[in-house]
Amino acid sequence: MNVEKLNNKNSFKRDSNEYIVKLENIGKHFKMGHTIIKALDNINLQIKKGEFLSVIGTSGSGKSTLLNLIGGLLKQTSGKIIVDNYDISDYSDNEMAKYRKNMVGFVFQSFNLIPTLTAIENVEFPMIFSGIPKAERLKKSEDVLNKVGLGDRLKHNPTELSGGEQQRVSIARAIINEPEIILADEPTGNLDSKTGKGIMEVLRKINEEMKRTLIVVTHDIYISYYSDRRVYLSDGKIVKIEEGKV
Amino acid sequence: MKFSDLIKIVIKNLKRMKIRTALTVIGVIVGTAAIVTLVGIGTGFQKSITSQFEEMGMVKTITVFQEGMARAFAMSPHIEIKKEKEMVLDDKAIEKIKKIEGVEGVSPVLLLTNAQLQIGNYISQVSFMSANDDMIKQDWYDMESGEKLKEKDLRAINVGNQVNKTFFNVNTRESISEIELLGEKGKIIAEIISKEGVTSVTKFPVKIVGILKELGPDDDLRIYIPFELAKRMTKAGGALFAAKAEEYMSLLVFAESVEKVDKITEKINEMGLSAMSMKQILGVLSTIFTILKGVLGALGAIALFVAAIGIVNTLVMSIYERFREIGIMKAVGASNSDINKIFLYEAGVIGFIGGVLGVITGYIFGKVLNAVASYFIQTSTSDGLTSFSNLNLFEVPLWLFFGAIVFAILIGIIAGVYPARRAAKLDPIDALRHE
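From first to last, the protein sequence lines are chains A and B.
Using this note's numbering, you'd call the opening residue of the first sequence number 1 and step up by one each time.
Using this note's numbering, you'd call the opening residue of the second sequence number 247 and step up by one each time.
Quick caveat, the hints were computed from the structure, so don't treat them as lab data.
Remember, it's a predicted structure, so these values are computed and weren't measured experimentally.
A couple of the hints might just be wrong.
Unchecked claim - Stretches of chain B that chain A covers, calculated by requiring three or more beta carbons in the stretch to come under 8 angstroms of a beta carbon on chain A: (1) 250-258; (2) 567-574; (3) 581-592; (4) 664-678.
Unchecked claim - Derived lysine-lysine pairs resembling BS3-like cross-links, with alpha carbons at most 25 angstroms apart: (5) A:75 <-> B:671; (6) B:587 <-> B:261; (7) A:134 <-> B:398; (8) A:139 <-> B:431; (9) B:258 <-> A:155; (10) B:383 <-> A:134; (11) B:477 <-> B:449; (12) B:383 <-> B:509; (13) A:155 <-> B:248; (14) B:248 <-> A:140; (15) B:506 <-> B:477; (16) B:513 <-> B:342; (17) B:342 <-> A:134.
We put the beta carbon where it would ideally sit given N, CA and C, even for glycine.
Based on the sequences and whatever the hints tell you, model everything.
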């Protein structure tokens with residue numbers, strides 16, 4: 001398997017293929033007792049490298065499922081998923097963990113920071129599992145926290161931070177391992193509109209300046225206006241794709 | 247994941263549930279301390295009793311009985327007797343034994359109990375043991391003061407180390423605590439009871455030329471006399487058991503070295519006699535003690551097993567509280583084995599801390615028990631048992647010290663296997679949904 005290459009950024013294939021994610025006939029269903037729930041039904045989607053994509057839908061539309069699938073937190077029931085020319089459809093648990101470590105970064109609606117760690121400790125956390133020494137971790141974390149505008153909040157616990165600040169820490173953590181794809185599931189869902197706008201600015205900056213592919217799941221159509229493309233989901237199917245910024 | 251990071255995470259996690267961790271650790275401390283105290287007592291007992299025997303230096307001595315006599319004493323548990331015929335213990339037998347390879351000397355045992363030693367107005371009624379030149383040559387036949395007796399000199403005798411405390415006034419029957427014996431002249435009084443039932447008395451003049459060093463409770467209360475003198479006392483009727491004057495009750499056979507003892511014992515048994523060595527006894531003792539220590543250790547291990555269940559419980563409970571956190575770890579890229587490792591190490595660290603503290607606790611507790619026991623034994627036995635003056639019934643050898651700690655860590659890790667697997671197998675999305 002090509003998992004070793006995932007650990008070494010420099011060996012990424014930068015060939016002519018501009019699609020970072022290719023979903024082919026993706027289906028996902030869950031068993032709830034005797035009923036089968038079809039969360040995703042025959043999804044075909046190609047996402048360009050460096051693209052800012054929104055996935056829009058009501059709750060139950062399958063948008064979070066789609067995000068989790070691309071993020072390697074879920075396995076598809078049918079179909080193929082190819083990320084950066086690696087077929088991750090049949091990855092083992094270990095390979096998936098490596099994938100999550102190196103290729104993707106998550107931003108959650110409820111921040112999901114570890115409450116007993118400080119801001120900088122939360123940000124450096126993913127690097128522990130790559131065996132990176134403490135000094136290097138701290139330096140990098142400080143840099144990234146500065147980038148998201150939290151240079152003066154390094155030693156604070158999440159409980160001492162506002163919602164917007166916590167989400168910034170979350171974003172810093174998501175990009176600390178320099179993943180190719182950043183996945184944000186309702187990143188502004190727990191924030192007021194002003195703070196939410198600030199967060200979207202940070203994400204936009206990361207997308208434009210760091211050239212990372214950004215996929216944002218939202219039910220808020222105004223949030224989706226930041227993106228290059230909008231994919232509308234309903235009942236697990238793609239109903240519409242819109243191009244262009246608004 | 248670097249080891250230093252792993253340990254930091256583990257210690258942080260344990261600190262987060264301080265009280266629960268402490269209670270779990272206490273369980274391990276109790277279990278480990280129990281093992282150390284119990285096995286330590288077993289080891290201490292073994293060492294103290296074994297060294298008593300070894301101090302007497304009789305590891306090269308073999309005691310030989312006539313076959314029937316040995317059975318009567320029921321002291322040959324392990325000897326396979328391949329005999330041609332039953333043999334009689336007489337001078338001919340002694341010659342045969344002397345010819346066995348490795349035999350340095352033989353001393354027939356005449357142990358006389360119906361005689362007394364009188365010095366001035368004081369009398370002692372301890373037993374008399376015959377000694378020949380072969381016997382006085384042995385390492386253990388060592389003098390505290392004075393000189394050894396000689397087989398040829400029928401007037402010179404030796405006394406055991408504690409014989410000076412066994413005298414009483416012949417007129418008043420009042421016992422005296424101590425009497426100076428070295429260089430004193432006195433007489434041995436032997437009683438005869440003839441076939442017709444008539445009692446007559448023979449007296450042998452003697453001089454105490456030497457006092458032996460401390461050997462042990464039996465040997466210290468004996469008077470050692472030259473073999474010829476003992477023989478004469480036997481003819482004079484002072485013996486308890488001798489059926490015929492030329493037959494001996496038992497012999498002491500002295501080996502050249504400890505290694506030769508087993509072979510000599512075997513050969514004597516093949517001759518139709520019963521041979522028994524201190525070495526055999528020590529061997530049996532050693533087996534008994536090993537079993538005893540094993541049982542004691544197992545008892546302690548039971549306590550540790552219960553502590554292990556405590557570890558499982560603590561960790562499983564902590565998983566419930568850390569569902570979300572485990573989900574976050576997986577989301578940022580921790581592998582199943584990373585999570586597995588964290589929980590296993592948490593269990594192992596609990597075992598380690600409990601093990602180290604438990605060994606220390608067990609050691610202190612054992613020393614306290616030893617001091618208490620020593621005090622009681624010393625105050626209640628002020629006579630005759632002075633060889634127990636330096637009582638050390640508790641010992642923790644190095645293997646027990648480290649072994650107990652390692653065992654505690656192992657138990658911890660084994661206890662952690664189930665919780666660790668559960669944590670590692672959590673579905674990340676389910677885990678993140680919690681709380």
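Measure nothing beyond the straight line between the CA atoms of residue 139 of chain A and residue 431 of chain B; if it is 25 angstroms or shorter, mark the hint as holding. violated, 97 angstroms
25 angstroms limit on alpha-carbon distance, applied to hinted pair residue 587 of chain B and residue 261 of chain B: It holds: about 18 angstroms lies between the C-alpha atoms, which stays within 25 angstroms.
Taking beta carbons only, do three or more residues of the stretch 664-678 of chain B come closer than 8 angstroms to chain A? This one holds; 3 residues, not fewer than the three required, reach chain A with a Cβ under 8 angstroms.
For the pair supplied as a hint, residue 134 of chain A and residue 398 of chain B, confirm whether the alpha-carbon distance does not exceed 25 angstroms. violated, 88 angstroms
Need the status of pair residue 155 of chain A, residue 248 of chain B: alpha-carbon distance at most 25 angstroms? Holds. Residue 155 of chain A to residue 248 of chain B sits at ~23 angstroms (cutoff 25 angstroms).
Hint check: residue 258 of chain B vs residue 155 of chain A, CA-CA at most 25 angstroms. Holds or violated? holds, 17 angstroms
Given the hint that residue 75 of chain A pairs with residue 671 of chain B, does the C-alpha gap stay at or below 25 angstroms? Holds, at roughly 15 angstroms.
Please check whether the stretch 581-592 of chain B has three or more residues whose CB lies within less than 8 angstroms of a CB on chain A. holds (count 4)
According to a criterion of three or more residues whose C-beta lies within less than 8 angstroms of a C-beta of chain A, is the stretch 567-574 of chain B covered? It holds, with 4 qualifying residues against the three required.
Next pair to validate is residue 342 of chain B with residue 134 of chain A; report whether the Cα-Cα distance is within 25 angstroms. Between residue 342 of chain B and residue 134 of chain A the Cα gap is close to 83 angstroms, so the pair fails against 25 angstroms, i.e. violated.
Take the C-alpha atoms of residue 383 of chain B and residue 134 of chain A, compute the straight-line distance between them, and say whether it is at most 25 angstroms. Given that 25 angstroms is the threshold and the Cα spacing comes to 74 angstroms, the pair is violated.
Straight-line Cα separation of residue 513 of chain B and residue 342 of chain B no greater than 25 angstroms? holds, 11 angstroms
Hint compliance for this structure: hints 7, 8, 10, 15, 17 are broken, all remaining hints hold.
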